[in-house]
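Student: Knowing the structure of chain X, use the given hints to seat chain P on it.
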Amino acid sequence: NAGVMQNPRHLVRRRGQEARLRCSPMKGHSHVYWYRQLPEEGLKFMVYLQKENIIDESGMPKERFSAEFPKEGPSILRIQQVVRGDSAAYFCASSPGLADYNEQFFGPGTRLTVL
Amino acid sequence: GENVGLHLPTLSVQEGDNSIINCAYSNSASDYFIWYKQESGKGPQFIIDIRSNMDKRQGQRVTVLLNKTVKHLSLQIAATQPGDSAVYFCAENEEGGGFKTIFGAGTRLFVKA
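So the sequences go chain by chain: X and P. Position one of the first sequence corresponds to residue 1 (this note's numbering), numbered consecutively onward. Position one of the second sequence corresponds to residue 116 (this note's numbering), numbered consecutively onward.
Check before you lean on any hint, since a few could be wrong.
If you only want the chain X side, here are some residues facing chain P, beta carbon under 8 Å, derived [stated by the list, open to error]:
no. : residue
1   : 41
2   : 45
3   : 56
4   : 65
5   : 70
6   : 91
7   : 106
8   : 107
In short, the hints are calculated from the structure, not lab data. Because the structure is a prediction, the values reported are computed rather than measured. C-beta: ideal position from N, C-alpha, C; glycine also.
Isolated chain X (complex conformation) (with noise of 0.2 Å):
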């Protein structure tokens, strides 16, 4: 029984390049929450979402970030042009959203690396 996937677990990015953060959801979830830690902090929110559907993004930088979550295939989070302060680690959580109180179960992160 898997629980939520994220690759790569390490990313190494230059200024200005993409960067591509994968998410597979805990088998028979639908609610996929994407997640930003910098060092010695907490979590902080970025983007709900649910397939094909965007719920929440209210956590998401205006520009060079977008989130995905296919009907087939893991999320997607996408940041263009990275900069350094984008370093970071990104969590993703998943639920199963059927009822009012869902637990998040959270992937082991992905490491980014801006240099």
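Tutor: Just chain P, lined up with the frame of chain X:
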């Protein structure tokens, strides 16, 4: 700023002692609270949750207390073990849970053998 914050950034306890980690929140409309444990290099791991219609909930070696009057949340760990060393986050869910979890800054727990 964040709705959820912590009183103590670090806590050092002796193995076998009880640990208490505190958290304050400011959004009186929050109705679902969660404690997460995060070990180095890993994602947050769910420990225990509590709804706003409760003031106490117990798990295995852990207890969460919720005081809505003063908007305070605490996590008690009984007989703390070296494996409990981690960063602990309190978090609140807006709009009934399962949605946009707001995390506090975290408390680092050191367990001395």
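Student: Confirm or reject each hint.
Tutor: So, going through the hints one by one against the coordinates:
no. : hint : in the structure
1   : 41   : holds, 6 Å
2   : 45   : holds, 5 Å
3   : 56   : holds, 6 Å
4   : 65   : violated, 16 Å
5   : 70   : violated, 21 Å
6   : 91   : holds, 5 Å
7   : 106  : holds, 4 Å
8   : 107  : holds, 5 Å
The structure does not agree with the numbered hints 4 and 5 stated previously, though it agrees with the rest.
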